[in-house]
Amino acid sequence: MLKRFSLTGVKSMQVFQVLQFSTAILIGILLAKSGLPTGLISVYEALMFIASLYCFFWVVGGQNTLLQLFPKLDKTQQRSALFNVFLLFAMAGLVTGGVLFLTKNLVAERLTNFTELPYLDLLALFLVFNSPTFLLQIFYLLLKKFRAMVVFGVASFGLQLTVVVLPIYLGFSLQEVMWGLLGWAIFKFVWCVVELARHARWRWDGHFIKMYLPLVLPLLLLAFIGKGSEYVTGLIVTALFEDEKAFAVFRYGAREFPLAVLMVGALATSLIPEVAADPTAGLQRIKDTTRRLSHWLYPMSMASMLAAPLLFPVIFNPDFKESASIFNIFTLLLSSRILLPQVVAMSEQKNYILTLSAAVELAVLAALSWWWGKIFGLQGVAFAAVASFVVGRIILIGYNWRVLKIPPGAYVDWRTYLIYNGLLVGVFLVSLQL
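Quick note: the sequence shown uses numbering that gives the first Met the number 0, first residue 0, plus one each step.
Any given hint might turn out to be false.
[What the hints assert, rightly or not] Here are the computed lysine-lysine pairs in the DSBU-like style, where the Cα-Cα straight-line distance is at most 30 Å:
| id | residue 1 | residue 2 |
| --- | --- | --- |
| 1 | Lys286 | Lys10 |
| 2 | Lys71 | Lys404 |
| 3 | Lys144 | Lys103 |
| 4 | Lys143 | Lys209 |
| 5 | Lys71 | Lys286 |
| 6 | Lys103 | Lys10 |
| 7 | Lys144 | Lys286 |
| 8 | Lys373 | Lys320 |
| 9 | Lys32 | Lys320 |
| 10 | Lys71 | Lys349 |
| 11 | Lys349 | Lys286 |
| 12 | Lys209 | Lys349 |
| 13 | Lys209 | Lys74 |
| 14 | Lys10 | Lys143 |
| 15 | Lys226 | Lys286 |
| 16 | Lys143 | Lys74 |
| 17 | Lys144 | Lys74 |
| 18 | Lys209 | Lys226 |
| 19 | Lys349 | Lys404 |
| 20 | Lys349 | Lys74 |
| 21 | Lys349 | Lys10 |
| 22 | Lys144 | Lys10 |
| 23 | Lys71 | Lys144 |
| 24 | Lys71 | Lys143 |
| 25 | Lys10 | Lys226 |
[Said to hold, decoys possible] Pairwise CB distance ranges, derived in the manner of DEER restraints:
| id | residue 1 | residue 2 | range |
| --- | --- | --- | --- |
| 26 | Ala306 | Ile393 | 29 to 37 Å |
| 27 | Val193 | Phe375 | 48 to 56 Å |
| 28 | Glu229 | Leu309 | 24 to 32 Å |
| 29 | Ala366 | Ser172 | 41 to 49 Å |
| 30 | Ile314 | Val98 | 33 to 41 Å |
| 31 | Asp73 | Gly421 | 22 to 30 Å |
| 32 | Lys143 | Phe223 | 25 to 33 Å |
| 33 | Leu417 | Ala362 | 22 to 30 Å |
| 34 | Lys32 | Gly97 | 14 to 22 Å |
Bear in mind the hints are in silico, worked out from the structure with no lab data behind them. Since we're looking at a predicted model, the values are computed, not measured. Heads up, the beta-carbon is just placed ideally off N, CA and C, and yes, glycines get one too.
Hey, can you work out the whole structure from these sequences and the hints?
Structure follows, in structure tokens:
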């Protein structure tokens with residue numbers, strides 16, 4: 000079936016991201032409907048949150064560094080790079096799992112509301128095997144094995160869904176689920192080693208490591224700061240609003256239209272090596288692909304804006320009507336997210352400007368959230384998130400223009416951008432009346 004479609008790096012990465020997101024949503028729905036006590040579902044979610052918290056920043060930073068560096072290497076260096084980055088990820092996974100194992104009591108006491116969080120030993124072992132496998136889709140993207148990426152996604156996320164949901168429906172406990180997840184991680188780890196045996200040069204390359212490590216450090220900080228924005232808004236909401244319902248109302252609405260995040264995120268990831276390999280063609284590719292993506296992403300986002308005020312009280316309950324307005328404000332983030340100046344900066348290996356812009360964005364977010372939250376309530380905090388994201392994009396666009404001499408028109412179709420964003424704002428204003 001896949002042979003009928005012309006898979007590109009962008010399309011395959013987007014399919015992979017949708018599979019990943021859909022699996023997570025489906026697991027949540029099926030667990031909720033399985034009869035498993037809500038307390039145990041909370042334990043599962045807490046374990047997955049901790050797993051992400053311990054490794055997300057270095058995984059994302061390591062992936063993006065490989066994406067920008069790989070196209071600038073010759074064929075022999077590229078094969079060596081695959082093995083060396085996997086080795087670094089494996090060592091980082093081992094350290095991360097070890098840290099979690101040694102601090103498991105502290106984790107349960109300080110990072111969760113649980114008096115005792117079970118299965119942290121298994122979670123530590125899971126991190127050891129699972130962390131290096133985040134490279135697989137990146138390997139397939141760089142090697143232009145697009146069909147293999149989709150096949151891996153189907154197999155991997157299908158197995159994840161099975162090992163999490165099936166034991167619960169068969170009457171087993173979360174312990175069997177955790178053993179299943181460990182088996183899933185080992186399955187992916189073996190898959191990764193097999194692919195390395197086929198495509199990598201198994202040799203330590205000190206020269207590559209010296210190039211890789213200075214580039215990866217600012218991207219680790221970038222990922223860490225980026226994730227910090229979620230915690231900043233949450234802390235400010237809890238500090239400003241005494242009503243205990245306010246936090247839940249904000250959190251249920253404080254999310255973008257999912258396809259926008261998935262599609263644009265996958266697009267940015269897949270374009271980094273293309274722009275790094277051929278800047279002129281890569282910039283035009285950014286302009287063309289974002290224009291095509293806009294033609295259906297904006298209409299779907301606008302439709303979600305109009306539907307949200309009607310659906311939120313039905314899907315959740317009438318207490319969450321205000322969540323719809325928060326969601327619609329966050330949907331405005333599309334106007335900044337569709338711009339991809341970070342891809343241009345990454346392709347030129349200007350990673351420190353990314354970290355600087357993210358730090359400024361976080362500072363603006365904290366200041367505006369407190370200020371506007373006091374004046375406009377929860378909607379003010381949401382508008383602060385939109386405004387801070389705009390500031391971050393302006394910094395990167397300005398840097399690309401002034402320092403790299405790359406004007407925004409080289410990678411932004413302004414006519415399409417301005418028309419769609421005018422419509423998006425118009426629909427948002429209409430949604431306020433619903």
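Now for the hints, and whether the structure bears them out:
1. Lys286 / Lys10: 16 Å, holds
2. Lys71 / Lys404: 20 Å, holds
3. Lys144 / Lys103: 39 Å, violated
4. Lys143 / Lys209: Judged against 30 Å, a Cα distance of about 26 Å means the pair holds.
5. Lys71 / Lys286: Answer holds: lysine 71 to lysine 286 is near 22 Å, not above 30 Å.
6. Lys103 / Lys10: 40 Å, violated
7. Lys144 / Lys286: At roughly 24 Å apart (the allowed maximum being 30 Å), lysine 286 and lysine 144 satisfy the hint.
8. Lys373 / Lys320: 20 Å, holds
9. Lys32 / Lys320: 24 Å, holds
10. Lys71 / Lys349: At roughly 14 Å apart (the allowed maximum being 30 Å), lysine 349 and lysine 71 satisfy the hint.
11. Lys349 / Lys286: 20 Å, holds
12. Lys209 / Lys349: Measuring from Cα to Cα gives roughly 16 Å; hence the hint holds.
13. Lys209 / Lys74: The given pair, whose Cα atoms are some 18 Å apart, holds under the 30 Å limit.
14. Lys10 / Lys143: Satisfied, since the Cα-Cα distance of roughly 12 Å is no more than 30 Å.
15. Lys226 / Lys286: 27 Å, holds
16. Lys143 / Lys74: 14 Å, holds
17. Lys144 / Lys74: 16 Å, holds
18. Lys209 / Lys226: 27 Å, holds
19. Lys349 / Lys404: With a Cα-Cα distance of about 13 Å, the restraint between lysine 349 and lysine 404 holds, given a limit of 30 Å.
20. Lys349 / Lys74: This hinted pair holds, its Cα atoms lying about 24 Å apart.
21. Lys349 / Lys10: Roughly 26 Å separates the two Cα atoms, so the pair holds.
22. Lys144 / Lys10: Status holds; Cα separation ~12 Å.
23. Lys71 / Lys144: 19 Å, holds
24. Lys71 / Lys143: 15 Å, holds
25. Lys10 / Lys226: 26 Å, holds
26. Ala306 / Ile393: 29 to 37 Å: With Cβ atoms ~31 Å apart, the hint holds.
27. Val193 / Phe375: 48 to 56 Å: 55 Å, holds
28. Glu229 / Leu309: 24 to 32 Å: Because 27 Å falls inside the window, the suggested range holds.
29. Ala366 / Ser172: 41 to 49 Å: Since alanine 366 and serine 172 have Cβ atoms about 47 Å apart, the given range 41 to 49 Å holds.
30. Ile314 / Val98: 33 to 41 Å: Check passed, 39 Å falls within 33 to 41 Å.
31. Asp73 / Gly421: 22 to 30 Å: Since the Cβ atoms of aspartate 73 and glycine 421 sit about 47 Å apart, the hinted range of 22 to 30 Å is violated.
32. Lys143 / Phe223: 25 to 33 Å: The hint (25 to 33 Å, Cβ to Cβ) holds, given that lysine 143 and phenylalanine 223 are roughly 31 Å apart.
33. Leu417 / Ala362: 22 to 30 Å: 29 Å, holds
34. Lys32 / Gly97: 14 to 22 Å: The hinted range 14 to 22 Å is violated for lysine 32 and glycine 97, with Cβ atoms some 37 Å apart.
Checked against the numbered hints listed earlier, the structure breaks hints 3, 6, 31, 34; every other hint is satisfied.
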